[in-house]
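Protein sequences, first through last, are from chains A and B. Going by the working numbering, the first sequence opens with residue 1, and the numbers climb by one from there. Going by the working numbering, the second sequence opens with residue 1001, and the numbers climb by one from there.
Careful, some of the hints might be misleading.
Quick partial rundown of chain A residues pointing at chain B, CB under 7 Å, derived from the structure [stated by the list, open to error]: (1) 39; (2) 53; (3) 105.
A few chain A residues that don't get close to chain B, going by computed Cβ distances all over 12 Å [to be verified]: (4) 16; (5) 83; (6) 85; (7) 86.
By construction, these hints were calculated from the structure, which means they are not laboratory data. Think of the CB as a built atom: it goes at the ideal place given N, C-alpha and C, for glycine as much as any other residue.
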Amino acid sequence: NAGVTQTPKFQVLKTGQSMTLQCAQDMNHNSMYWYRQDPGMGLRLIYYSASEGTTDKGEVPNGYNVSRLNKREFSLRLESAAPSQTSVYFCASSDNGGGEQYFGPGTRLTVT
Amino acid sequence: AQSVTQLDSHVSVSEGTPVLLRCNYSSSYSPSLFWYVQHPNKGLQLLLKYTSAATLVKGINGFEAEFKKSETSFHLTKPSAHMSDAAEYFCVVSFSGTYKYIFGTGTRLKVLA
Chain A
1 NAGVTQTPKF
11 QVLKTGQSMT
21 LQCAQDMNHN
31 SMYWYRQDPG
41 MGLRLIYYSA
51 SEGTTDKGEV
61 PNGYNVSRLN
71 KREFSLRLES
81 AAPSQTSVYF
91 CASSDNGGGE
101 QYFGPGTRLT
111 VT
Chain B
1001 AQSVTQLDSH
1011 VSVSEGTPVL
1021 LRCNYSSSYS
1031 PSLFWYVQHP
1041 NKGLQLLLKY
1051 TSAATLVKGI
1061 NGFEAEFKKS
1071 ETSFHLTKPS
1081 AHMSDAAEYF
1091 CVVSFSGTYK
1101 YIFGTGTRLK
1111 VLA
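Input sequences plus hints: build the corresponding full structure.
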């Protein structure tokens, strides 16, 4: 039982490049989330998916897109990376809205 | 508006002494409350949760927290700190049926030998 997995663990991009961060969970959870973590700011929600087939914007969605590919997988895409998107990105899942979340190990992204 | 305040950004304790990490929340509704721990370069791990059952909640690794509605607090305690407890701790508020989780800005716990 791997829980929540994320790939890649580290990535360096040049400004303007694109990439997709992958997330998968094996707990049969309905809801999945993407957060970014910046020093001194806690975690901020980028997008979430309440259930398979739905996605909604969070607090800081600009510059990102998401896809809920199936119940297990939720990807985050940066179409044109900017230095302001340098951050650590965490994927999480929960069985339902408001319940405990389970987090992946994170992706450390640097945009130069 | 709902909010979470972690009152200390840094806490230092000696190994074997008690730990107290403070969290206050503001909410018009009955919240669920969580504490998470994050070790360096790792994801967040759930320590414990309060979801309107017992007000004293026991978690993993000897941690516990008490929900005090009158004080709108959910402080995290441990009787005796261990070196392995050195990490960052996050207090989180959520509401049943919603997808909004409010994270505190974190408390970094340092344990001195």
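Hint by hint, here is what the structure shows:
Violation of the interface hint for residue 39 (chain A) is found here, the shortest Cβ-Cβ separation to chain B being roughly 10 Å, above the 7 Å cut-off. Below 7 Å, beta-carbon pairs count as interface contacts, and residue 53 (chain A) has none with chain B, the closest being about 15 Å; its hint is therefore violated. Residue-level restraint check for residue 105 (chain A) holds (minimum Cβ-Cβ distance to chain B is 5 Å; threshold 7 Å). No beta-carbon of chain B is positioned within 12 Å of the beta-carbon of residue 16 (chain A); the least distance is around 28 Å.
With 12 Å as the threshold on Cβ separation, the claim that residue 83 (chain A) sits away from chain B holds: the shortest Cβ distance comes to roughly 21 Å. Even its closest Cβ contact with chain B, about 19 Å, leaves residue 85 (chain A) beyond 12 Å, as expected for a residue assigned away from the interface. A cut-off of 12 Å between C-beta atoms confirms that residue 86 (chain A) is not in contact with chain B; the least separation is 16 Å.
Hints 1, 2 from the earlier list are contradicted by this structure; the remaining hints agree with it.
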